[in-house]
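These are the residues of each chain, in order.
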Amino acid sequence: MAATHNRQPVLDLTESKAENLRAVLLFVAFAVTFGGLSTILRGYWWWVLCVVLALAVFGGGALIRAAFPTHRILTRIVGPLFGAIVAAVVIMVRFSAGTAFLVVFPTNTTIELFRKLIRDAGYSITWQAVPADADEGISLLLALGAAALLILAEILVFSLGLPALAGIPLAAVFLVPSATPDGRTDGWFFAAGAITFLALLFHGRVRQLIPAAWLAAIAVVCALVIPTFLPSTQVTTATSSIGPSVATGVNPMINLGDDLRSSQPKTALTYSTVSGDPEYLRLTEISDFNGRQWGPERPDLQPNRRPVEFPKAPGLDVGISTSREVSYIHVDNLVSPWLPIPYPATSVTGLTGQWSYIPESFTVASNESLARAQNYTVTSVVLTPTPKQLQAAGTYVPQGLTAYLELPTDTPAIIGQTARKVTAEDSSNYEKALSIQQFLRSSPFVYSESAPVSAGYDGTGVDVVAQFLEEHKGYCIHFASAMAVMARELGIPSRIIVGFQPGTLQNGDDNGRKLYAVTNKDLHAWPELYFSSIGWVRFEPTPSRGRIPDYANQSLAGVPNVGAGNGANGNPSTRNEGKSPQLSEGTLGTAWRITSDPTFWITLGAISFGLLALLAQPLLIRGIRRSRRMRTIKSGNAGALLGWSEIKETAEDLGIDIGENLTPREAVAHLGRRRGMTESDREALDRICKKVERAGYGQRFKRSSKVDLELVADVRIVLRCLRRTSDVGNRVSSRLLPKSLVSRIVNQVRRFA
Amino acid sequence: MSEAEINLGEFRRLSQDILDSVERVIVGKREAVELAMTTVFAEGHLLIEDVPGVGKTMLARALARSIDCTVNRIQFTPDLLPSDITGVSVFNQAERDFKFKPGPVFANIVIGDEINRASPKTQAALLESMEEGQVSVDGKTYPLAKPFTVVATQNPIEMEGTYPLPEAQRDRFMIRISMGYPDDVAELAMISNRELTSPLENLKPIITIEQLAKMIETVRSIHVSSDVEKYAVTICQATRHDRELRLGASPRATLHLVKAAKAKAALAGRDFVLPDDIDALAIPVLAHRLISTTRRAGAGSSFQAETVAEIVKRIVSAAPVPLASREAV
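Order-wise, the sequence lines are chains V and G.
Per this note's numbering, residue 1 is the first one in the first sequence, and the count goes up by one each step.
Per this note's numbering, residue 754 is the first one in the second sequence, and the count goes up by one each step.
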């Protein structure tokens, strides 16, 4: 009630000063929190834009408040409105690109432009790797989102007077990176934002600290827990996923490790082939080895390149024996702009949506559709070159393949040295490829999905390859990139393919054909090397994964045969980490399964800990409150009234109704009537009651200030007997969700409102 | 403690003695007797309302006898004149001057029997002196005795030949009690008592008028915390806004409530007032001043009294009890 009275003064200078300070703090909090997006966006101009918007919204509101200091109601409505207008002007000036009337008034062209930009932003988000370039579309999307959150904050803090709730839009900004694949939240930005936010709350009103602490705790737990629950998080604009999905959205390379490590196998697709043989399904290729993070380039998709008919596979000569294969592919829940198809396809039919093939890589992609729920038939050829043919290719590299030989200038020397050492005795490119494959498949190289993460070289790039060659531990990405880079070092054109290994044979069948299921655990990367007259040929350098093609599995020039079972390589303990297709058979479809994957247990542990921590919050706060009170009573600084408050709150927690309209004596009588109360309990209650009455209603100077140990003991007796006489349900709920605490928070929120 | 007071232990002992003494005459009506004593110690006036023959007058007289003070009794009749109460100025032939002859109101305890049988004019004369503590006759004012308590009895108005007290005058009484019929045990005991002698005659004064003054002083010194004051105000205010009440409690009612609560606390040997004291006194102090919106019976009827008591009970149980939070963390 006091709060409403305080708002009455018509002109309160200190209040307006406080509001200005609050606006500044809010501005800083948002500026810092927007900075946290730097983990997913490159450059800094987008940040400048956000800050300008924050300045527009909060500055606009402050301006209105300063202009009409006496019209509180008016400023509450007009403030955010004005801020929104200023923000809109900023957005128009920045993005309308001359299409707006008098720079700020949108025309139809502007609206069309904005639509296009937002659509572009959708593709851009789907295609770009993290950290992404904040192109025009993404910037516009960011600006619109930021403006909405800023206006929401302005309304919450200044119009409704609920600074504590400003944490919601702040947390929303903060959660963006953690909801983005590979987007780490930067702890420093978060800490700085949180401190500013706390300053905002602390400023003037100490009591808001408690809800603020709650909010902070919830935000932290959400930031930790939510990303782990999101199914292989992706930012897709087309549809939101309903069931668990396999996502390759932004960059398949990035999700690959996560998918392999994830403990939850999710079916990506099922397929059957006419021949009944399993096959590798390619999604995309990576041929540009420059940069910190490798990823597929955004292809130039031409609408006339319908995948109904493909050109001839590059480099494939008539002399190579091939066979025709037809695959029936049903995609379940693969969120990807790339279509999984075998290599080299000659036609894909049955697709819905706009799909185009990319002639260089022989992959199929779409700017609008997703692979999800597509049913299509792929006709392809199966390449079966003989070792002799491969050997015959020699070291000749045809023209026009220089792009597949380029290496960054800063490629570490160890890669080239290792490649040359391993292939010192080989003459042809084929021998060299086999040697590299054999080198990577044998000791001391071991397959490990977790080692690169813990050693900090999980990812792609030439530096990662160099480190992998030293550490000897990694998974398919590392093996595939190592082989590809080493091949380029030796002058063999190479590229990395991301796709699926053949998957697992299922019990059911597809019109009499063998049915294979492919899960996110089958996501795989492998190198393809180019041989003259044959074209692109797959190799399998990753131990314990996939299957080695026949042509790469022959003993030649003294290279020992590498068994298809490849159990001879790697030590047994590491093989457990690898998910061989056999292991996951029969467990498909189970949401959770027993796994030895440590990351699963770590995640589970972290989630459980987070949940427990959240659950324990009320218990902790209530416990601290109780023990602080008892200490205060023991120290003689407070007496019966404090003990009485504790008794009343405990009773409330336990669901015992002591209304505000019972006198202490009536309340004590009420408690004394509970079943299971002993005579000594009642005596303790009566003693407390007398002391409460004297303390509460007696003359102040007559109150004793000496330490009352009897009181401490009596309060303890009463608290115990209250618990004892309550049923189990009430006892548990009193611990987990103390009503007194809830009503305190509710009251506080009400007071601010 | 000043000279004018006595300590609470003594207070309690003396009040218990009076209680015991009065109970010898009025058997089994401890609550009514206690309320009567509360009124006396709180310097208020008492209205005893009940059907004839339940011992209204007996209670008034027993209480008066237990205190060694001047007691006058006025039997109100329809032909009673105001001057029969206040007194008259009589012309003294020898001194050739008017001499004031004080009426029965000049006593420490005035028993007004069947007050609703007198005409409103006469009732007004008594009630005026109750409030003012003085009597004006022929332009001269004469102070009444101190302490001064009127104990009036009346029959419920559905009885024949009564003039109900107007609201303004009911408001002057601090406490209204009704005796109620005695239970069978008490009634039997009463018969056996009366066989020998009149028990009233055997009552000995327990306290002197000086002691009564000191006890009243002690009651004045009883502490009322701001929380309890707030509580009393909350209850009285609630009666003014209650939809079932046509007339709420006056500010005088609030004062009376707190004063009576002080006396009650002192009777319990406590030097401070509890919200429980307020609770216990709410009906005796407030009920006779309130008028319910129910039209089925006029003010003062027994039906009305019951309805109003229920309403007061509801208001009291709904009023939040403040408890000092200055110590609470």
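Since the hints were made in silico from the structure, they are not lab data.
Please read all numbers here as calculations on a predicted model, not as lab measurements.
We put the beta carbon where it would ideally sit given N, CA and C, even for glycine.
There's no promise every hint is true.
Said to hold, decoys possible - Mimicking EDC-like on lysine to aspartate or glutamate, the simulated pairs with C-alpha atoms at most 20 Å apart in a straight line are:
id	chain 1	residue 1	chain 2	residue 2
1	V	690	G	980
2	V	648	G	980
3	V	648	G	1029
4	V	739	V	686
5	G	983	V	660
6	G	983	V	463
7	G	893	G	924
8	V	739	V	652
9	V	690	G	891
10	V	388	V	332
11	V	690	G	1029
12	G	899	G	920
13	G	1066	V	652
14	G	874	G	891
15	V	634	V	727
16	V	514	V	666
17	G	852	G	866
18	G	1066	V	277
To be verified - Pairwise CB distance ranges, derived in the manner of DEER restraints:
id	chain 1	residue 1	chain 2	residue 2	range
19	G	855	V	672	35 to 43 Å
20	V	655	G	945	39 to 47 Å
21	G	994	V	655	26 to 34 Å
22	G	974	V	672	31 to 39 Å
23	V	623	G	994	39 to 47 Å
24	V	713	G	994	29 to 37 Å
25	G	986	V	623	53 to 61 Å
Now the hints, each set against the structure:
For the proposed pair residue 690/V and residue 980/G, the alpha carbon gap of about 17 Å is at most 20 Å, so the pair holds. For the hint linking residue 648/V to residue 980/G, the alpha-carbon distance of about 18 Å falls within 20 Å, and the restraint holds. Under the criterion of a C-alpha separation no larger than 20 Å, the hint pairing residue 648/V with residue 1029/G is consistent with the structure, at around 18 Å. Distance hint between residue 739/V and residue 686/V is unfulfilled; the C-alpha atoms sit about 25 Å from each other, more than 20 Å.
Simply put, residue 983/G and residue 660/V have alpha-carbon atoms about 14 Å apart, close enough for the 20 Å limit, and the pair holds. Restraint check for residue 983/G and residue 463/V: not satisfied, since their Cα atoms lie roughly 78 Å apart, outside the 20 Å limit. As the CA atoms of residue 893/G and residue 924/G are separated by approximately 26 Å, the hinted pair breaks the 20 Å bound. Of the supplied pair hints, the one linking residue 739/V and residue 652/V holds, its CA atoms being roughly 6 Å apart against a limit of 20 Å.
Distance restraint check for residue 690/V and residue 891/G: the Cα-Cα separation of roughly 55 Å exceeds the 20 Å cut-off, and the hinted pair is therefore not satisfied. Among the hinted pairs, residue 388/V with residue 332/V is inconsistent with the structure: their alpha-carbon atoms are about 40 Å apart, more than 20 Å. Of the supplied pair hints, the one linking residue 690/V and residue 1029/G holds, its CA atoms being roughly 12 Å apart against a limit of 20 Å. Restraint check for residue 899/G and residue 920/G: the C-alpha separation of about 26 Å exceeds 20 Å, so the hint is violated.
At roughly 25 Å between alpha-carbon atoms, residue 1066/G and residue 652/V are farther apart than 20 Å, so this suggested pair is violated. Between residue 874/G and residue 891/G, the direct Cα distance comes to roughly 17 Å. Compliance with the 20 Å bound is thereby established for this hinted pair. Taking the CA atoms of residue 634/V and residue 727/V, the gap is about 30 Å. The hint is violated against a cut of 20 Å. For the given pair, residue 514/V sits about 80 Å from residue 666/V by alpha-carbon distance, which is inconsistent with the 20 Å threshold.
A C-alpha spacing of about 28 Å is found between residue 852/G and residue 866/G, which places the hinted pair above 20 Å, so the restraint is violated. With a CA separation close to 90 Å, the supplied pair residue 1066/G and residue 277/V exceeds the 20 Å bound. In this structure the supplied range 35 to 43 Å is violated for residue 855/G paired with residue 672/V, their Cβ-Cβ distance being about 55 Å. Between residue 655/V and residue 945/G the C-beta distance comes to about 54 Å, which lies outside the given range of 39 to 47 Å.
Under the hint 26 to 34 Å, the C-beta atoms of residue 994/G and residue 655/V, about 32 Å apart, fit the expected range. Between residue 974/G and residue 672/V, the C-beta spacing of about 32 Å keeps the proposed range 31 to 39 Å intact. In this structure the supplied range 39 to 47 Å holds for residue 623/V paired with residue 994/G, their Cβ-Cβ distance being about 43 Å. Between residue 713/V and residue 994/G the beta carbons are some 45 Å apart, a value that contradicts the proposed interval 29 to 37 Å.
Taken as a hint, the range 53 to 61 Å is violated for the pair residue 986/G and residue 623/V, whose Cβ atoms sit roughly 39 Å apart.
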